[in-house]
Amino acid sequence: MTALLLHRIHFGFTITYHYLFPQLTVGLALLIVVLKSIALRNQDERYNQAARFWARIFAINFLLGVVTGIPMEFQFGTNWSQFARVTGGVIGQPLAMEGVFSFFLESAFLGLFLFGERRLSPLAHWASAFLVFLGSWISGYFIIVSNAWMQHPVAYRVLPNGQYEVTSFWGLLTNPWALIQYAHNMSGAVITGAFAMCAVGAFYVLEDRFSESGKIFLRVGVVAGVIACIAQIFPTGDMQGKYMAKHQSAAVAAMEGLFHTERGAGIVLLGQPNEQKQTIDNPLVVNDVLSFLIYGTPKAVVEGLDRVPRDQWPEPLPLLYYAYHIMAGLGTYFALLMAVAAFLLWRGKLFATRWALWPLMLSFPLPYIANTAGWMTAEIGRQPWVVYGLIRTSAGYSKNVSAGNGLFTLLGFMGMYSALSILFVILVYHIIANGPERAASAQVAEPFTVA
Amino acid sequence: MGFIWFWLVALMIVAYVVLDGFDIGVGILHPFLARTEEERQISVRTIGPVWDGNEVWLIAAGGTLFFAFPLLYASAFSGFYLALMIVLWLLIMRALGIELRMHMEIRVWRAFFDGVFFISSLLLAVLYGAALANVIRGVPLGEDGYFFLPLWTNWRIGPEPGILDWYTVIGGVLALVALALHGALYLAVKTEANLQLRARSAAMYLSVALLGLTVVSLPATIAARRDGLDNYWAHPLAFVVPALVFGALVGIMVFSRKQDDRKAFACSCMYLAMMLVGAAVALYPRLLPSSSDSANDITIQKALSGPHTLHVGLVWWAFGMALAIMYFVIVYRMFRGKVSLEHGGYGH
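Read top to bottom, the protein sequences are chains D and A. Residue numbers for the first sequence follow this note's numbering, so the first one is 1 and each next one is one higher. Residue numbers for the second sequence follow this note's numbering, so the first one is 1001 and each next one is one higher.
Hints in this document: simulated from the structure, not taken from any laboratory. Heads up, a few of these hints could be off.
[Said to hold, decoys possible] Label pairs and their in silico Cβ distance ranges: (1) L319/D with R1333/A: 46 to 56 Å; (2) K1338/A with R392/D: 51 to 61 Å; (3) V1169/A with G404/D: 55 to 65 Å.
Every value quoted in this text rests on a predicted model; they were computed, and no experiment measured them. Glycine included, each C-beta is placed from N, C-alpha and C at the ideal position.
Chain A with its partners taken away, still in its complex shape (with noise of 0.2 Å):
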């Protein structure tokens, strides 16, 4: 059972990440490659249908841990409490600024919102990217199973870390560049002319940079948990994954030189759910490791909630899954294609 739920969460935060991704990645970008206000409302409308949809996994994946894992989710709530107090903001601030541009017809509310817009999506980018280094480094748990840390302290990996410190710093930027990329090949399936050309530049761009920080990233871990390939070495077969990682990047740079910007995208896709299959890989059956004492670790066992819960929820999850996936593919065929103006704002 708890091998069971531990991967149906981490299926809810690929697609998360997956699908919310394109959209930060869209926010990031848009001030930098759509110049006109036309090629701005262009960019807004690739994701106007379909952001808030994608944004149900974060709540549909919280809510699934919630029950699931109770001890992991009241633990790590409460230790990173700002940070994901700041990410609450961050989500309310990126909404109102997708949202409210389009209500507003004086122009200086509109750039203002455009800039709340990517204010938001590139500070969520990297508190993700921090979010996850956090857990793969680990945090100073106590014997009862929480506890509370700082945004930063003095930037190391000691006893007494912050949210924020090298590595999770190197884990923000990385998710920053990915999100972006991921974004850029995104505007580039669905748009045309010249905000096209420009998303695909910019993804040449950003797909070198991913590759050096990816590279980076692997001896940057290793540095921050010594056991993080343990997993690894024991079920040698794992290291499909990272195989993967590197073979999706360079998918993207293959299509993406090709100009065959939906294979790119695919590829991008890839990319992410593989990078946090690898951690969930190295995780397991961990999921929030301790910085000092291993004893203290939060393990699936730990966290668990009881079976009779977890018997029907496998019941309703499975069925209530059909169904959203049901709506997200009536939702993506309804808004299909690139996206224009002069089509009333969804071409086919």
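Isolated chain D (complex conformation) (with noise of 0.2 Å):
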């Protein structure tokens, strides 16, 4: 393996681990305000012990959020100095940022949110989740205006020495990139809360177990959840792929299976591709729907892979083609879902339809997937550049660490990971078998100390 592969796998490896847990992060977080907001307005204690369950999760989930997150600033150092050298005056900006704005309201109300409670009044309790949900979808917008950048570069300059410079720091923040992917991420990661809180809904509904609490998880989730799934597509998901189209076309063409420029242009729905021949081989297509959904057309000419030179593919290309067939096709399937179980839900029939219980339960990790195929649909699809048309990939990594010590690293991340991971699974598992009623009653007992 070459070291410039070993350091991409590195970023790449651990970058997707890490967004296993903002995501959610993100997503309760939005839920838990939902949740204390109608716990205020109508006094509903239940509701607040609602909220206190799933801080419980958000909690854990934060720590590993914050744990794995840590590695991803230094990363950029170390294991893609060159191009950190160059870029620092633009993307290092946003992510001290983030640092400074965000992470430091995250961790000093969050400990206030957690083990506030009986110390604070309930507007104040109330205004600590907020806060916190405030400072993740803070951080959110800060990292995704460095990516931005990345795919997108606006208002810089490149000083003598090679540098690039910000010319305009509003221009940077206001990248029209920056914030149709902000939409679509956000959206995306309150999918994957709004399943989390449905799942463990249809888990106690379904066993009959904290079913009232069940129920209250059910009708926060499937609303929010009804609400993102259809956001995910339109019109945020629709807006992503037409500025894709006019500045990345190239992406756009390997991401569509399109090794060839055409008139009415087909979709793709299944199929394999074929680098050697350049086809889809088993291919299922339906006509003119690629021109129709990105110039309101069916005629339109899209341009396919045939235009761009062969050393600007992305690669690796049926990977890139792959997750984001996995990430459209998982996205039509949750706004199925959710559609149909709105629809149960307005009419009083969803806690007693099993049918609809089960997909619920079952279809929590599909967000996960869905969401990391999104991500790769993005980082992929910017190859073979780092910076968009600026810096070449191989110009980016660290040449003074070797092959050697990247793999050491790796292979030290996945085992940390792993042990993560075993640990998340079996503390959560842990809340959930418990339930909203205990974790109630044993925080009393045991004020815990995630802060």
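Now that you have both chains on their own, put them together as the hints suggest.
Structure representation (structure tokens):
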């Protein structure tokens, strides 16, 4: 394995694992604020109990997000030092701002939210939940701004020493790519949170244990879920696709498996890309749809990979193609499932409809897969560039860190993260098995110390 | 601009060491000082609501370094690759050790997480000290501004140094003792009864050891870097800093004998801050000196970001820091006073 490939896998593995946690943090932070708001408005203690239950899961999830997140900020320097050296003046800025504006806020108010309930007034406790939510959503924006600049560099100039510098700070923060990507990404995180809440709710209702709490979880989870699932496709996914087609046409062609430029391009639903023959094997295609999705008219010309110089094809191309199809396929399934669940909830039949509760319980891992696949689409789609059109990925990694050293630490992270996964599953399962009522009483006896 | 950002980054590192230093110190000491389960719970709870916020200073300092001095960030982080990765693993383990003991009602697991918390805190302290010593000693920088250090070579300061050699090991031991002392004084402030008494007596022993190590570190530093005192001779006023280091040490000893724990802890903060400032004064205007050819030194001027970045940065940095300090005041006020179990965790 070459050092370049190892450094790519190093960052790819650690960021993929890391993002399993923040997506739930971001989604749950919003849903906990919803629960606390209902509790405060209606003076309904059941919603406070529900919020306490989810706060316990949130705390463990947040902890794992923090510990797996710290390595990310360091890896720009450790594994991607040539890239960091020239772009620090641009993307170092939002990353530093994330620490200063978001992490201080989150760490301070999470402590108050988790053990301040009996010491704070209901309104102050609601406010601490809200500030934790605000911190996590601000954090997401700064990360997206950094990534969006790599996808679609704006507001920069090159200094004589080869370093990039921001020419307009405001321009960097309002990169159109960042705004679209942020909306799409945050809605994806809400889907993860909503599916987690629905899964636990469906489990309690099916099991007929804690089913009162289970119904609250389902109500909040389904309503949030149906809104987020629709927003994920339209407008956010639609805008992202159109904007990408304009600025990263090579990525879109590779995602769709469009090897040849076509008028009235069809959309490939299934099939395996064959790079040698430049075709799709076993294709299942719907005519004209791709042209319509991108340009709003079925006869528009969509540029294929044949318009892109071979050394600028995203690679690994089949992985990009599959990642995109998995994301889009799952997204469609989420919207259908949540629409059905929302209809049943509206008719008052959801809690008795076992055939709908089962998929709601079993589907919670799928948003993790879809969000991961979405990020893989974005990141592999950007290849072979680390900053699109400006810096090649092969010119960004740390030349002074050998493949042997890279593999050593990659294996170290894999081992450590395996242990983390086991701990996480045990702890969260424990909380779910104990149930919301136990969580409330246990907290009185033993305030836990996550801060 | 370079001067301002050099001292702002230094300030953030000082804040990190002073704040996270005491929770690392608690980790190093708690297996020895807290003998019952109840005492262990109390000692972990003294840092429970604050350690995470303290650690954010590391992230914030790292990010600030990244955008203000990208060359330094790129060169140092890749050059100290192995040590940094180990630091990251230790930070992960330490966080789990602190947080997860409370989620486990099984004694074996609690003992396990206590052990994880202890070992990771101890090794972190040693590595932080060694890291600072590496920066003072210098590294074999190439003309392209990069280097790569193995963890150790022959333990000597030569043309091919490792991250660990006799000098950086002294730095590591010094940091270990200094942070353990810092933690002992913090525990004395935050606890009562037996735990407090043991923390005080640990602080007495540790402060004597720290005085000895601090004295040893001076000739060792001059041996490792012959030009280490040049800035001091050029500006003799700077000798105030080492004087304050020793003043703080004396203060720690005097106040802990008088059982004035708060003042002793304040002196320990001063000691850590002045040690770091002393190193920064010696380095200025270098950020990372070369161990062989001073033409390859990474200086402020070489590493500084573009002017627009730094001007804008100053505005949001000042605003963000004001907010951060406000949060810290709120949290530390909220959880002030002695920690005991009876009053639901945090007594008043």
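Results of checking the hints against the structure:
1. A beta carbon spacing of about 52 Å between L319/D and R1333/A agrees with the range 46 to 56 Å that was offered as a hint.
2. Checked against the hint of 51 to 61 Å, the C-beta distance between K1338/A and R392/D comes to roughly 59 Å, which is consistent with it.
3. At roughly 25 Å, the beta carbons of V1169/A and G404/D sit outside the given window of 55 to 65 Å.
In summary, the one numbered hint that this structure violates is 3.
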